[in-house]
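Visitor: Sequence:
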Amino acid sequence: MSNKFDILEEYRVAEAKIAELNNVCEKINHSSRGHHLLNAYDEKRRDAQAERDRLGVILEAMSAAED
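Counting with this note's numbering, you get residues 4 to 70 for the letters of the sequence shown.
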């Protein structure tokens with residue numbers, strides 16, 4: 004199992020990925036590009052959010068175990 008610092012770094016990376024995907028989705032939404040492209044990036048964003056949420060649960064459990 005990874006240590007808390009590794010998971011914190013993965014969490015930060017997931018947050019950055021979500022922010023980047025939010026920007027991409029916003030740009031695609033305001034462009035003439037196809038709807039399928041927006042769907043693909045939106046799916047990637049949902050996957051990144053799920054990963055971030057999973058890491059958040061692990062971090063909460065680790066913090067609770069430290070108390």
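In short, the hints are calculated from the structure, not lab data.
Do not rely on the hints blindly, as some may be mistaken.
What the hints assert, rightly or not - DSBU-like, lysine-lysine: derived pairs with alpha carbons at most 35 Å apart:
#1 K47 x K7
#2 K47 x K30
#3 K47 x K20
#4 K7 x K20
#5 K20 x K30
Visitor: Decide, hint by hint, whether the structure agrees.
Guide: Comparing the hints with the structure gives:
| no. | hint | verdict |
| --- | --- | --- |
| 1 | K47 x K7 | holds (25 Å) |
| 2 | K47 x K30 | holds (15 Å) |
| 3 | K47 x K20 | holds (9 Å) |
| 4 | K7 x K20 | holds (20 Å) |
| 5 | K20 x K30 | holds (15 Å) |
Checked against the numbered hints listed earlier, the structure breaks none of them; every hint is satisfied.
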